[in-house]
Amino acid sequence: MAKGFVKIVAERCKGCGFCVEFCPTHVLALSSAFNQKGYHPPYVSEAEKCSGCDLCGMYCPDFAIFGKRYPVGGTHAR
Amino acid sequence: MSNAVMEPGTLVQEPEAHNPVEPFLRMERIPHIWCPGCGIGTTVNCFARALMNAGLNTDKVAVVSGIGCSGRVAGYVNLDSFHTTHGRAIPFATGLKLANPELTVVVYSGDGDLASIGGNHLIHAARRNLDIKVICVNNLVYAMTGGQTAATTPVSSTTATSPYGTFEPTLNLPQLLEAAGATYIARWTTYHVKQLEKAMTEALKHKGFSFVEVLSPCPTLFQRRNHLGDGLATMKFYKEHSQTKHGASTADTGLTKEGDIVVGKFVVKEREEYIEGMTRHFTEHLGRPFEFKVRTC
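Protein sequences, first through last, are from chains H and V. Heads up: the first sequence begins at 1 in my numbering, then just goes up one per residue. Heads up: the second sequence begins at 1 in my numbering, then just goes up one per residue.
For reference, chain V alone in the conformation it holds in the complex:
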């Protein structure tokens, strides 16, 4: 965007402008498969702008995603990307990061994939403080597979597998990850695009395990079954019911079906990163400088 000051009255031809996000997308695959009113495309907009803001070399950024609607992001972004098996995005990302530590590895997936099927991997990547950036698009349900109850589904929501409402307690992802040891945790909704862009930029620059949770409407499978309106109604709900509390205790950030949503940047801290820890440990114990290298044959 050019903001250069020009002589008053200078004639500017309306340029053959293109969407600034287009260079980050595989345009031959657009239009995408996401439903009208779905917020995943909005998160991709924020991610593309965050990549621009962070000033990273896009040849050194890799996106890994699992199965699900949000998992489709790996196929739409014009970066090195990998679409893995269900729930196993973080194990693949771990291998990618360790084999090629100069890469910025972004895991872009949904709540069903990251927190429900792959919950164990999420916990252990956070425990190790591996330098990967996890973007979790939380639509509160397993969307692509038909709207089944996920670990993040709020109590008393109707889903495909709970026609009388869910009764299981809900997983609170920021609290889980703080306990596991993540060093950057933020939550925003698809309504908060500017804040989300900033959070993603910070996560991309942060050294260590970064987690950005984005609440997104699923008008087809969650909002419709729970009579919460369409995507736009959900965006208005986010606007009215979000409370920004930076540094809030993650214990107070639980999600309910129609209650207020606590958003903000909850945790930013410094802790020894996995590869740094490995280098320090082996240098101490082998008595000689240790450099982490992957042997290639």
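If we strip away everything but chain H, and leave its shape as in the complex, we get:
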């Protein structure tokens, strides 16, 4: 079960791929769709692997993604 989640602001993304490359649990993949500016934003391909470590948020130069950990012991409603 996922320990955290990532939130993506696709319109702010410039498609550099840092988050996809450096995600320690390989949660993300680059989408084939375009955003308004013509870049390929990432999407969550394996949500259950996410640990919410926020390393994607630290790498993202465009402040377009971040991760957050769920409180310990809690489950989440989607």
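A couple of the hints might just be wrong.
[Unchecked claim] According to the in silico footprint, chain H covers these stretches of chain V (three or more CB under 8 Å from chain H):
| hint | stretch |
| --- | --- |
| 1 | 27-34 |
| 2 | 156-170 |
| 3 | 181-189 |
| 4 | 231-240 |
No wet-lab data here; the hints were simulated from the structure. Every residue gets a Cβ at the ideal spot worked out from N, C-alpha and C, and that includes glycine.
We have chain H; now place chain V onto it with these hints.
Just chain V now, with coordinates in the frame of chain H:
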């Protein structure tokens, strides 16, 4: 980030979460102008987290930057900030610190601005051990002005002003600043985000001249002209070719175009800070207690 222990099975609504960096940014100016694959935004992430870690009152933090891509940081951070003329970020920061010693003054600028155009100011601020924190985003080239050769450009790199490659020897910033007398010197790359966050936190807490050099890709003007791939390829290069050597001799930290990069915390030492030195000196020579004050009219 809440890590409170809850009853197993407690239902947690996915919160209306916001990026933790957003309170430190002027969000009306985002998206920023930096190119896809540029690492300056990554350094801003680390800086925002370092500010949180250092526990400083953000009303007492001022960011000063010069001209250049990294100089734009002053316009994006939600702090008191000043965007100065080219190469003169440190003189403005010096004045700001002396006029208002309780401020934490951060100079956030690039290698072309700090080390090439403003190199003399950098040396003398380090010599005086003035209590300012300098973050130098080193992309090895003058980026905003079109990719000209800077003092930090590695030998045999192709730039706008050196189509046959540069032949001038390269300035090694940690070595220069150690010789000048800086009391905190670290170098990381944009790949080392956690280490960079820690180094920036330490620099913010350090008393005296602190210098953090951050190597950052410039995919548009350096990597492209030198056929080094895009921003992501450069990040992978940093990952593979960085050698962490804390306390390494700064003489061994020179940068080459495609050689290994020595990263780490090179210098941490204590030395009398500028305002402390001034107070001590005048107390000795005037024969009465001297308190440094700026006269305001």
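To see whether the hints hold, each was checked on the structure:
1. 27-34: Our answer is that it holds, as 4 residues pass the Cβ test (under 8 Å) against chain H, meeting three.
2. 156-170: Result for this restraint: violated, n = 0.
3. 181-189: With 0 residues in contact (Cβ-Cβ under 8 Å with chain H), the coverage given for the stretch 181-189 of chain V is violated.
4. 231-240: holds (count 4)
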